[in-house]
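Listed here are the chains, written in short residue letters.
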Amino acid sequence: MTLLSLSAVAKRFSNGTQALRDLSFTVAPGEFVSLLGPSGCGKSTALRLAANLLAPDSGAITFPTGKPEIGFVFQEPTLMPWADALANARLPLDLQNAPRGQANDRAASALARVGLAGFERALPRELSGGMRMRVSLARALVARPKLLLLDEPFAALDEITRAQLGDDLLRLWREDGLTILFVTHSVSESAFLSQRVLVMTPRPGTITADIALDTDLARTRDGRLSPATIEAQRAISAALNGAGALV
Amino acid sequence: MTQSDQNKVSMRRAPDILFPLVLAALLLGAWEGAIHYWQVPHYVLPAPSAIAHALCANFGSLMESLGSTLAVTLQAFAASTILGVATAIAFTQSRLIERTLYPYAVILQVTPVVAIAPLILIWVGFERINLALVIVATIVAFFPILAGATLGLKSADFNLLDLARLHGASRLQILWRIRLPTALPYLLSGMKTAGGLALIGAVVAEFVAGSGTATGLAWRIVESGNRLEIATLFAALALLAFTGVMIFAALSLLEWTLLRRWHESALGEAT
Chain A
1 MTLLSLSAVA
11 KRFSNGTQAL
21 RDLSFTVAPG
31 EFVSLLGPSG
41 CGKSTALRLA
51 ANLLAPDSGA
61 ITFPTGKPEI
71 GFVFQEPTLM
81 PWADALANAR
91 LPLDLQNAPR
101 GQANDRAASA
111 LARVGLAGFE
121 RALPRELSGG
131 MRMRVSLARA
141 LVARPKLLLL
151 DEPFAALDEI
161 TRAQLGDDLL
171 RLWREDGLTI
181 LFVTHSVSES
191 AFLSQRVLVM
201 TPRPGTITAD
211 IALDTDLART
221 RDGRLSPATI
231 EAQRAISAAL
241 NGAGALV
Chain B
1 MTQSDQNKVS
11 MRRAPDILFP
21 LVLAALLLGA
31 WEGAIHYWQV
41 PHYVLPAPSA
51 IAHALCANFG
61 SLMESLGSTL
71 AVTLQAFAAS
81 TILGVATAIA
91 FTQSRLIERT
101 LYPYAVILQV
111 TPVVAIAPLI
121 LIWVGFERIN
131 LALVIVATIV
141 AFFPILAGAT
151 LGLKSADFNL
161 LDLARLHGAS
171 RLQILWRIRL
181 PTALPYLLSG
191 MKTAGGLALI
201 GAVVAEFVAG
211 SGTATGLAWR
221 IVESGNRLEI
231 ATLFAALALL
241 AFTGVMIFAA
251 LSLLEWTLLR
261 RWHESALGEA
271 T
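Residue numbers (the working numbering), protein chains in the order written: chain A, 1 to 247; chain B, 1 to 271.
Don't read these hints as lab results, they were simulated from the structure.
Among the hints, erroneous ones may be present.
From chain A, some residues computed to sit far from chain B (all C-beta separations above 12 Å) [said to hold, decoys possible]:
| id | residue |
| --- | --- |
| 1 | Thr2 |
| 2 | Ala8 |
| 3 | Ser14 |
| 4 | Ser24 |
| 5 | Asp57 |
| 6 | Glu69 |
| 7 | Phe74 |
| 8 | Asp84 |
| 9 | Asn104 |
| 10 | Gly115 |
| 11 | Ser128 |
| 12 | Arg139 |
| 13 | Thr161 |
| 14 | Ala163 |
In silico contact screen, one side only, chain B against chain A (beta carbon under 7 Å); selected entries [to be verified]:
| id | residue |
| --- | --- |
| 15 | Pro15 |
| 16 | Leu166 |
| 17 | Gln173 |
Cβ coordinates follow ideal geometry from the N, Cα and C atoms, glycine included.
Please construct the entire structure, taking both the sequences and the accompanying hints into account.
Laid out in structure tokens, this is it:
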């Protein structure tokens with residue numbers, strides 16, 4: 001079974017930069033896949049192509065089982081500064097012209113699920129960086145997506161907040177049976193969170209390694225430091241080294 | 001914010017009002033004293049007391065003139081706001097429209113309005129003098145609204161726009177939910193400039209319209225000057241300045257009311 005498939009995708013930007021070359025991979029339903037690579041290797045471009053926010057120059061992006069509802073989380077929280085947390089989380093439903101009362105209920109429960117119950121009326125400027133990112137996550141979940149695309153969502157956060165949000169993301173993934181494509185440049189993050197890590201080379205980006213991780217890895221409190229996670233980090237680092245990304 | 005905090009804030013801000021008032025009292029006192037000391041003729045420079053007297057003596061007619069000028073100003077301000085925002089929306093919806101129209105907007109802006117006012121008066125006709133005045137003042141006030149609204153509408157967060165498209169937003173939804181709220185601070189800044197310009201435009205238009213047809217404060221200034229009633233001229237001038245300040249204050253209040261909760265420019269005052 002395949003939910004998302006990219007085959008031989010190439011993308012060149014108008015300034016002439018070849019961002020992606022011959023990029024192919026698939027994502028199965030329910031999988032948690034990380035797309036890992038150094039800055040500027042085209043990971044974000046690949047994610048935007050998957051969301052149909054960009055069109056490829058050649059190659060195909062397909063959804064064999066039908067186009068799923070997609071949630072997208074950017075590196076920045078990307079909230080509307082004039083709107084409170086509830087209105088921000090509600091945006092996808094508002095755009096679908098969902099009835100206001102029902103939309104409010106769903107947005108409130110999405111906020112509660114990311115730990116922001118009681119902050120419905122707070123404006124983005126009144127929230128911390130981590131909380132803003134949680135609002136962004138609630139907004140991505142509110143339309144009940146099958147596929148969640150995350151573009152280095154925790155890169156701008158401190159390590160403690162990043163770990164908490166990682167735990168929360170895993171919980172949501174399990175509870176909702178989500179399929180997640182997670183773009184990151186953090187080896188440890190990808191090793192802890194995902195079932196599969198796709199390692200990308202620098203520009204023009206293409207996949208050099210497809211590393212399956214121990215899916216039964218007990219992701220307990222000290223899961224980040226478990227021998228299996230450390231071993232996964234070693235394997236991912238080796239693949240990155242092979243790709244010429246690490247010095 | 002607690003009550004005592006609020007008191008502290010108003011205490012801190014009291015000098016903003018008090019100090020200019022003290023300066024005004026000192027300057028007016030010096031002016032009054034100088035006029036009496038050097039026996040300056042009233043048709044060259046009247047004393048503040050004489051101006052106050054002229055204001056009281058002609059209060060009814062001056063208020064009527066003020067009403068006339070104010071009506072032109074407000075109509076022109078409303079027209080320029082509506083036209084400016086509408087044009088800015090058209091610009092952001094189509095590059096073709098922007099490329100085609102923008103040079104004309106600039107030409108309209110850089111051409112001295114005094115030079116085209118006589119033409120407008122002739123074309124519109126002296127029997128519809130009020131409309132002509134409003135058109136002249138609208139042209140003067142239009143550009144800052146257009147510039148502010150265009151910049152604001154284009155300043156929307158690209159990622160937010162992408163997100164909206166991902167969720168199937170229509171152009172109208174993007175305009176209403178993302179572009180217009182983003183543009184609001186820029187638009188309000190343009191409106192503050194345009195408010196003052198609408199008044200200037202109304203005054204210029206009245207000057208050009210000349211005798212007998214216009215009844216606003218600018219005409220009172222011309223008339224008082226011709227009759228050497230300099231105290232009345234000053235009274236009309238003071239009313240114009242007061243009107244300009246009030247327009248600015250009203251728009252600043254509107255800006256603060258709309259932005260104080262979320263925009264950086266207004267947060268300094270709220271917290």
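Each hint tested on the structure:
| no. | hint | result |
| --- | --- | --- |
| 1 | Thr2 | 21 Å, holds |
| 2 | Ala8 | 24 Å, holds |
| 3 | Ser14 | 15 Å, holds |
| 4 | Ser24 | 23 Å, holds |
| 5 | Asp57 | 19 Å, holds |
| 6 | Glu69 | 9 Å, violated |
| 7 | Phe74 | 5 Å, violated |
| 8 | Asp84 | 9 Å, violated |
| 9 | Asn104 | 16 Å, holds |
| 10 | Gly115 | 22 Å, holds |
| 11 | Ser128 | 16 Å, holds |
| 12 | Arg139 | 8 Å, violated |
| 13 | Thr161 | 20 Å, holds |
| 14 | Ala163 | 25 Å, holds |
| 15 | Pro15 | 29 Å, violated |
| 16 | Leu166 | 6 Å, holds |
| 17 | Gln173 | 6 Å, holds |
Hint compliance for this structure: hints 6, 7, 8, 12 and 15 are broken, all remaining hints hold.
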